[in-house]
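Chains as they are written, first to last, in numbering that gives the first Met the number 0: chain A, 0 to 497; chain B, 0 to 113.
By construction, these hints were calculated from the structure, which means they are not laboratory data.
What you are looking at is a predicted structure, and each value in this text was computed from that prediction instead of being measured.
All C-beta atoms in this analysis are idealised placements derived from N, C-alpha and C, irrespective of residue type, glycine included.
Watch out, some of these pointers could steer you wrong.
Below, simulated BS3-like cross-link-like pairs (lysine-lysine); rule was C-alpha separation at most 30 Å, straight line [claimed, not checked]:
id: 1; chain 1: B; residue 1: Lys108; chain 2: A; residue 2: Lys384
id: 2; chain 1: A; residue 1: Lys140; chain 2: A; residue 2: Lys348
id: 3; chain 1: A; residue 1: Lys426; chain 2: B; residue 2: Lys39
id: 4; chain 1: A; residue 1: Lys282; chain 2: A; residue 2: Lys243
id: 5; chain 1: A; residue 1: Lys98; chain 2: A; residue 2: Lys381
id: 6; chain 1: A; residue 1: Lys98; chain 2: A; residue 2: Lys290
id: 7; chain 1: A; residue 1: Lys427; chain 2: B; residue 2: Lys39
id: 8; chain 1: A; residue 1: Lys348; chain 2: A; residue 2: Lys98
id: 9; chain 1: A; residue 1: Lys282; chain 2: A; residue 2: Lys98
One side of the interface only, derived from the structure: several residues of chain A facing chain B at Cβ under 8 Å [as the list claims (entries may be wrong)]:
id: 10; residue: Leu169
id: 11; residue: Ala188
id: 12; residue: Phe194
id: 13; residue: Ile196
id: 14; residue: Glu223
id: 15; residue: Ile382
id: 16; residue: Leu383
id: 17; residue: Lys384
id: 18; residue: Pro388
id: 19; residue: Leu393
id: 20; residue: Ile400
id: 21; residue: Asn407
id: 22; residue: Leu413
id: 23; residue: Tyr423
id: 24; residue: Pro460
Which residues of chain A face chain B? A few of them, derived with a C-beta cut under 10 Å, are [as the list claims (entries may be wrong)]:
id: 25; residue: Ile284
id: 26; residue: Ser285
id: 27; residue: His287
id: 28; residue: Pro288
id: 29; residue: Gly401
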Amino acid sequence: MEFLNSALLGFQVALTPTNLFFCFMGVLTGTLVGVLPGLGPVAAMSLLLPTTFHVNPVSAIIMLAGIYYGAMYGGSTTSILVNIPGEAASVVTCLDGYKMARQGKAGPALGISAFGSFIAGTLSIVGLMFIAPPLAAMALKFGPPEYFSLMIMGLTVLTFLASGPMWKALLMAAFGLFLGCMGMDNMTASYRFTFNILELSDGVGLVPVVMGLFGISEVMLNVEQSMDRTVFETKIQNLLPNLKEWAASIGPIIRGTVLGFFLGVLPGGGAVISSFVAYAIEKRISKHPEKFGTGVIEGVAAPESANNAATGGAFIPLLSLGIPANAVMALLLGAFIIHGVQPGPMLVKEHPQLFWGTVASMYVGNVVLLVLNLPLIGLWVKILKVPYPILFPLILLFCLIGCYSLNNSVTEVLIMVLFGLIGYVFKKFQYEAAPLVLALVLGPMMENSLRQALLMSAGSPIIFFERPISAILMGTAIFLLIFPLIPRFQKKRPAFGE
Amino acid sequence: MPFLTGAAICFFSGAGLIHATLRRRQGEGWTSPLQGVRWKNALVILISMLAYALLMAPLGFFLTTTLFIAFLLRAITPQRWSVVAACSILTAVASYLIFEVWLQAQLPKGPWGI
Numbered sequence: 000m001e002f003l004n005s006a007l008l009g010f011q012v013a014l015t016p017t018n019l020f021f022c023f024m025g026v027l028t029g030t031l032v033g034v035l036p037g038l039g040p041v042a043a044m045s046l047l048l049p050t051t052f053h054v055n056p057v058s059a060i061i062m063l064a065g066i067y068y069g070a071m072y073g074g075s076t077t078s079i080l081v082n083i084p085g086e087a088a089s090v091v092t093c094l095d096g097y098k099m100a101r102q103g104k105a106g107p108a109l110g111i112s113a114f115g116s117f118i119a120g121t122l123s124i125v126g127l128m129f130i131a132p133p134l135a136a137m138a139l140k141f142g143p144p145e146y147f148s149l150m151i152m153g154l155t156v157l158t159f160l161a162s163g164p165m166w167k168a169l170l171m172a173a174f175g176l177f178l179g180c181m182g183m184d185n186m187t188a189s190y191r192f193t194f195n196i197l198e199l200s201d202g203v204g205l206v207p208v209v210m211g212l213f214g215i216s217e218v219m220l221n222v223e224q225s226m227d228r229t230v231f232e233t234k235i236q237n238l239l240p241n242l243k244e245w246a247a248s249i250g251p252i253i254r255g256t257v258l259g260f261f262l263g264v265l266p267g268g269g270a271v272i273s274s275f276v277a278y279a280i281e282k283r284i285s286k287h288p289e290k291f292g293t294g295v296i297e298g299v300a301a302p303e304s305a306n307n308a309a310t311g312g313a314f315i316p317l318l319s320l321g322i323p324a325n326a327v328m329a330l331l332l333g334a335f336i337i338h339g340v341q342p343g344p345m346l347v348k349e350h351p352q353l354f355w356g357t358v359a360s361m362y363v364g365n366v367v368l369l370v371l372n373l374p375l376i377g378l379w380v381k382i383l384k385v386p387y388p389i390l391f392p393l394i395l396l397f398c399l400i401g402c403y404s405l406n407n408s409v410t411e412v413l414i415m416v417l418f419g420l421i422g423y424v425f426k427k428f429q430y431e432a433a434p435l436v437l438a439l440v441l442g443p444m445m446e447n448s449l450r451q452a453l454l455m456s457a458g459s460p461i462i463f464f465e466r467p468i469s470a471i472l473m474g475t476a477i478f479l480l481i482f483p484l485i486p487r488f489q490k491k492r493p494a495f496g497e
Numbered sequence: 000m001p002f003l004t005g006a007a008i009c010f011f012s013g014a015g016l017i018h019a020t021l022r023r024r025q026g027e028g029w030t031s032p033l034q035g036v037r038w039k040n041a042l043v044i045l046i047s048m049l050a051y052a053l054l055m056a057p058l059g060f061f062l063t064t065t066l067f068i069a070f071l072l073r074a075i076t077p078q079r080w081s082v083v084a085a086c087s088i089l090t091a092v093a094s095y096l097i098f099e100v101w102l103q104a105q106l107p108k109g110p111w112g113i
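The whole structure should be built from the sequences, with the hints applied where relevant.
Structure representation (structure tokens):
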């Protein structure tokens, strides 16, 4: 009964006209950035973060969450029609989606990705509703040592799953932690690495760093190459898949959903990896694996369902433990804190309207997306035809204004430009920015837990291995660190990129 | 904590160095990441953004934005002057309306009050 009451409360919050409006704005913007290559959900959310300062926290979070799962929907459109993934989670969709479009089956491909996303999104929200509150109740028993171990494990998993050699990802994580040390020391109130710059006394802002690393550096890379793309000219018809197509896709959708959801919950997992894994699994269990890559509908249904299910799953660690699972969630954590809400075990109890409202709005958002996406595909295609040379100054301008209006500070704009350059160099040398961002957010939290834990144990690090939950988490982290060093397993590390 | 993270950065950089040396021993060459791309475009973007940040306060939001958009439209892939003029002024007006009027962000004012 209590569950039903809570769910009802959520829908009451989500269905108020204001929140409905913000939900709509969020998913619309999300789909838009999903469609536009070179502007991912991370950059878009940091862009729009300043605009949410004037509204109440519930509406703000609802809108930001909408951007995230909206982008997952939008990304598939470009993958299918242009063979350019709008964002990383839709890379695999290109393989079969674009081939389907070439065969004149763009309609069913777009249709099944929208329906699959809808089914997956809905199921994962149900999962979120059931798992998050009990997990939060359990997390109330966590002390500083458990939190520290959990964050260590989160970072390790992320670096383990990152593409390229593991030392690169670990280096990025260490650099992120170091950046997280800047600003005022929480325990002694002394300033560290601030160089007498007022803006740095609170630490490096997350938004300038993220905008620079993900937004500006992406544009810098894009203008280096020739900027023509061809939108595949085809009549998009039969958006509603027929019975045969449904029969072929329903299995992949369900499997993709379950897989995506659980990979989403894992720290460092998330939408990108789950879409790759879902595709690989479908190919392996399929009766006709050789047809994958030539335009089979299963190859669209599975990854598109998985990446949407992962978005629901990714909210679980954030809402119940207060620990972000990926860079997008890290940004959302930043948004929570700016609005004076501390996500974590107490969130469900202290701010039930925020928790259940956000969850219910995600459901509403999924309906809006389904209604929005199918009829509006024509509009998205038109937007794709706006030439990039005209588009990119606008993206840059939005970054500049968004960053400036955060604190009305030119210094932060300069920090953003600096991180644009850093991100550009990282991308050139194939360093991933995601571990850096997660570490930057976790850094101060980790440092606090570490020092509190060490105070509890009078300075002995054994405390992390004495308490059972903490010991398991630490053990997993250490295992993941050593695992790639064992020669027998060296080839087996999954090579999926963020 | 700063010490630990610093030590970790050194450690993993060392790992990177060893890794790279090993790969070179195996005969892998190094190709410049700037090869075959128009990296000057990226540099132009970076400098124009720096200029935007520094000129915003003395010149005001409106003029800086117009100049910024116009410059980028001409510099990277030259557009027709009519397109440049229309796009830059339209963008400046639209972003002014959205951010200053609707969202009430405090954008810097130039000598002409906008």
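Taking the hints in turn, this is what the structure says about them:
1. Straight-line distance between C-alpha atoms of Lys108(B) and Lys384(A) comes to about 35 Å, which puts the hinted pair past the 30 Å bound.
2. The suggested pairing of Lys140(A) with Lys348(A) holds, with an alpha-carbon distance near 15 Å, which does not exceed 30 Å.
3. At roughly 16 Å between alpha-carbon atoms, Lys426(A) and Lys39(B) fall within 30 Å of each other, so this suggested pair holds.
4. At most 30 Å may separate the alpha-carbon atoms for a hinted pair to count; Lys282(A) and Lys243(A) meet this at roughly 19 Å.
5. In summary, the hint linking Lys98(A) to Lys381(A) is supported, as the alpha carbons are separated by about 21 Å, within the 30 Å threshold.
6. With a C-alpha separation of about 11 Å, the suggested pair Lys98(A) and Lys290(A) falls inside the 30 Å cut-off, and the hint holds.
7. A threshold of 30 Å between alpha carbons decides the hint, and for Lys427(A) with Lys39(B) the separation of about 14 Å falls inside it, so the pair holds.
8. Our distance criterion of 30 Å between C-alpha atoms is broken by Lys348(A) and Lys98(A), whose separation comes to about 49 Å.
9. Of the supplied pair hints, the one linking Lys282(A) and Lys98(A) holds, its CA atoms being roughly 16 Å apart against a limit of 30 Å.
10. Annotation: Leu169(A) was flagged as interfacial toward chain B, and the flag holds, the nearest CB pair being 5 Å apart, inside 8 Å.
11. Interface restraint check: Ala188(A) against chain B, minimum CB-CB distance 15 Å, threshold 8 Å, status violated.
12. Checking Phe194(A) against chain B: minimum C-beta separation of about 14 Å lies over 8 Å; hint violated.
13. Checking Ile196(A) against chain B by beta carbon gives a least distance of about 15 Å; that is not within 8 Å, so the hint is violated.
14. The interface hint given for Glu223(A) holds, since its Cβ lies 4 Å from the closest Cβ of chain B, which is under the 8 Å cut-off.
15. This hint is violated: Ile382(A) has a C-beta 16 Å from the nearest C-beta of chain B, more than the 8 Å allowed.
16. The criterion of a C-beta within 8 Å of any C-beta in chain B is not met by Leu383(A), whose closest approach is roughly 17 Å, and the hint is violated.
17. Interface restraint check for Lys384(A): the shortest CB-CB distance to chain B comes to about 15 Å, outside 8 Å, so the restraint is violated.
18. A hinted interface residue such as Pro388(A) counts as satisfied when its beta carbon comes closer than 8 Å to some beta carbon of chain B; here the least separation is about 4 Å, so the hint holds.
19. A distance limit of 8 Å between C-beta atoms decides the matter here; for Leu393(A) the minimum to chain B is near 6 Å, and the interface restraint holds.
20. At a threshold of 8 Å, the smallest CB-CB gap from Ile400(A) to chain B is about 6 Å, leaving the interface hint in force.
21. Hint status for Asn407(A) relative to chain B: holds, with the closest Cβ pair at about 5 Å, below 8 Å.
22. At its closest, the beta carbon of Leu413(A) sits 6 Å from a beta carbon of chain B; the interface hint therefore holds under the 8 Å criterion.
23. Taken as an interface hint, Tyr423(A) checks out: its beta carbon lies about 6 Å from the nearest beta carbon of chain B, inside 8 Å.
24. The criterion of a C-beta within 8 Å of any C-beta in chain B is not met by Pro460(A), whose closest approach is roughly 12 Å, and the hint is violated.
25. Look at Ile284(A): its Cβ only gets to about 36 Å from chain B, farther than 10 Å, so that hint breaks.
26. Violation of the interface hint for Ser285(A) is found here, the shortest Cβ-Cβ separation to chain B being roughly 36 Å, above the 10 Å cut-off.
27. For His287(A), the suggested interface contact is broken, since its CB lies about 38 Å from the closest CB of chain B, more than 10 Å.
28. Nearest Cβ of chain B to the Cβ of Pro288(A): about 33 Å, over the 10 Å cut. The hint is violated.
29. Proximity of Gly401(A) to chain B holds as hinted, the smallest CB-CB distance being about 9 Å (cut-off 10 Å).
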